[in-house]
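Build the full structure now, drawing on both the sequences and the hints.
The sequence shown begins at 762 in the numbering used here and counts up by one.
Derived from the structure by calculation, the hints contain no laboratory data.
Take the hints with a grain of salt, since some may be wrong.
Taking lysine-lysine pairs in the DSS-like style, the calculated list, with each CA pair at most 30 angstroms apart, reads [unchecked claim]:
| id | residue 1 | residue 2 |
| --- | --- | --- |
| 1 | K1004 | K788 |
| 2 | K766 | K788 |
| 3 | K908 | K882 |
Restraint ranges, calculated between C-beta atoms of paired labels, are given here [claimed, not checked]:
| id | residue 1 | residue 2 | range |
| --- | --- | --- | --- |
| 4 | P886 | V851 | 50 to 58 angstroms |
| 5 | S1133 | V1008 | 42 to 50 angstroms |
| 6 | N771 | A873 | 31 to 39 angstroms |
| 7 | A1198 | D773 | 50 to 58 angstroms |
| 8 | D966 | E844 | 52 to 60 angstroms |
| 9 | D1006 | V941 | 18 to 26 angstroms |
| 10 | P1190 | E967 | 27 to 35 angstroms |
| 11 | P886 | E1081 | 35 to 43 angstroms |
| 12 | G1002 | V851 | 20 to 28 angstroms |
| 13 | Q855 | E925 | 45 to 53 angstroms |
| 14 | R769 | E925 | 56 to 64 angstroms |
| 15 | A873 | N1007 | 41 to 49 angstroms |
| 16 | Q831 | G1002 | 48 to 56 angstroms |
Note that the coordinates shown come from a computational prediction; the quantities given were computed from them, not determined experimentally.
Backbone N, C-alpha and C define an ideal beta-carbon position, used for all residues, glycine too.
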Amino acid sequence: MIDAKAVRANPDAMREAVRVRKVDPEKANVDRWLELDEARRELQSRIDGLNGEKKELAKIGKSDPDAARQKGQELRERGREMEQELGGIVAEWQEIADWFPNWPHPDMPEGAGEEENVEEKAWIPGQGYLSAEKLGRGETSGQHMPKRPVHATDQDFKPLHHAELGIKLGGIDTLQGGQVSGSRFAYLRGDVALMQYALSQLLIDELLGRGYEMFVPPLLVRERALYGTSHFPEGRDQVYGIKTDNVEEGTDLFLVGSSEPTNFSYFMDRTLDAAELPAKIFAYTACFRSEAGSWGKDVKGIKRVHQFDKIEMNAVCLPEQSEEVYEEFGQVNEWLLQQLELPYRIVDKCHGDAGYLASHRQRDLEVWMSGSGEFMEVMTDTNATDYQARRLNIRYKGEEGRGHCHLVNDTGCAMGRLLISILDNYQQPGGVVQVPAALQRVVKKEQLEPAGGK
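Here it is in C-alpha cells:
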C-alpha cells in the first residue's frame, strides 16, 4: 500500500509508475482516485463539523429540551446519510489504491518484459564470473554458457529432459501423481526425494549458522495475510481457496503459494523495537499455486506444478536496512548455487517484469540448463520497502523515531527447480546422474543410476 500523502503530492509519479509497471490504468485510475480523495476529505470535514454541532445540543437542552431533541434527531439522520455516503466513497477509493504499485527503485531497468531484464552477473563452475562485456539485456550471456551438461564426463551423448531422467531413475512419477491428484502433481521417490532432503539440509544449516530464525508457519491463511503481502487482489487467480464449512469460525481460508504471507503476518499489528531489527527468518514449507494462464506450458515433469516445496527467507527491518538485507539474500542465493556448482546468472528485473505490485526492486537467479540450452529461474529476491508493512500494520519505534518497517523476501530454494537443474547439469550417458559433492553426505551416493541398474 502506498502512502496516500505521497500520491496526493505527486500524482504524475504514480501515473508513470502505473504505466511502466504495466498495471491496468482502469483499476489503478489515479484521476478517479484524486476525485474520490478530495470528496472523502471534504465529506469527512462535514461529518466532523456535524459532530461539533451535536456537542452544542447540551447547551440548547438546558433552555429548550424539545428543540434539542428535534435538532438531535435531524443531526443523527444527516449523520447517517453522510456516513453511508462516505462508506461508498472510501470503498471505491481503497479499491483503486489497492492497485497502485510500489514506487520503482530509481535504478530499476526500463523495459516491457523479461527480454529487457539486465544481467548483473553470470557464473560457470570451474571458470568463475563472466566478464562484463559478455553481459547485457535478455539472454546475452547465454551464448557464452556451456553447450552440453556442465558436469558430464562424456560429452558425446544426447541429453535427456528431466522428466525422462526422473522416470529412468524411478524418482519422479507424474503418472501416478496424476491418477491420485490430477495434472501437475508428482511423487518424488527414493534417491531423488533424498536429494531434495539434502538440499534443504544444506541451506538450513547455512541459514542457522548466519543467525536466521526458523519458522514452521500455517499453510492456510485468512484473506488479510494475502492482501497484506499484496498477493490479493492482483494474484487472486493463482491461489486456492478452500471450503470452510467444517472450520470453527467458518472464515474463508486459502492455501499459501509461499510462506511469505504467513511469515510476515506473524508481525502484523505490532510495533517492533528498532534495536532488535532486522528480524531475519526462514521457513521450509509446501506451497500451492493454481498456475492459471499456464495451461499447455511446461506440462512435462515438475517445473510448473500445483504443489511444490520451498525454503523462503524473509526479513522485517528498518528502512535504512532493506537494501543491505536485499544484497545479503542475493549472497545466500549465490552461495547455494556455487556449492551445487551450477552455472547461473543474476538478472535485475525491469519495470514490466518486476513481479507483483509490492516490488520496489527485484532480481532473479536463473540456472543455465546446459542440456536444453536455456535459463530457468530458481530464486527471486524482492525489496518491498514499506508497501506490505503498511497493509499489515507493521511498525517500529526507537530512539531516532518511528514508522513503518521495510519487508524483504527471497526464494531461498525452490526445491523442484533446483532438482531439475541438478538432473540437467549432472547427467551422464545412459541416464546416470552424478550427485553434487555438497549433497553426497546426506544422499550417501556419488551417482544415481537408472532403476534396475545401467
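Review point. In this structure, is the beta-carbon distance linking P1190 and E967 contained in 27 to 35 angstroms?
Key: The hinted range 27 to 35 angstroms holds for P1190 and E967, with Cβ atoms some 33 angstroms apart.
Check your understanding: Measuring from beta carbon to beta carbon, are P886 and V851 in 50 to 58 angstroms?
Key -> Because 56 angstroms falls inside the window, the suggested range holds.
Check your understanding: Within 30 angstroms, alpha carbon to alpha carbon, are K766 and K788?
Key -> 20 angstroms, holds
Check your understanding: How does the Cβ-Cβ distance of Q855 and E925 compare with 45 to 53 angstroms: does it lie in that range?
Key -> 50 angstroms, holds
**Study point:** Straight-line alpha-carbon gap K908 to K882, limit 30 angstroms
**Key:** 19 angstroms, holds
Review point. Regarding D1006 and V941, is the given constraint of 18 to 26 angstroms on their beta-carbon distance met?
Key: Taking Cβ atoms as reference, D1006 and V941 lie about 24 angstroms apart, which means the hint holds.
Check your understanding: Do A1198 and D773 keep their Cβ atoms within the hinted range of 50 to 58 angstroms?
Key -> 55 angstroms, holds
Exercise for review: Note whether the CB distance of G1002 and V851 lies within 20 to 28 angstroms or breaks it.
Suggested key: For V851 against G1002, whose Cβ atoms are near 26 angstroms apart, the range 20 to 28 angstroms holds.
Check your understanding: CB of Q831 to CB of G1002, is that within 48 to 56 angstroms?
Key -> 51 angstroms, holds
Practice item. With 56 to 64 angstroms as the target window, see if R769 and E925 comply at their CB atoms. Key: 57 angstroms, holds
Review point. Given a hinted range of 42 to 50 angstroms, is it respected by the beta-carbon distance of S1133 and V1008?
Key: 44 angstroms, holds
Check your understanding: Honestly, do N771 and A873 meet the 31 to 39 angstroms range at C-beta?
Key -> Violated, at about 24 angstroms.
Comparing the model with each earlier hint shows a violation of hint 6 alone; every other hint is respected.
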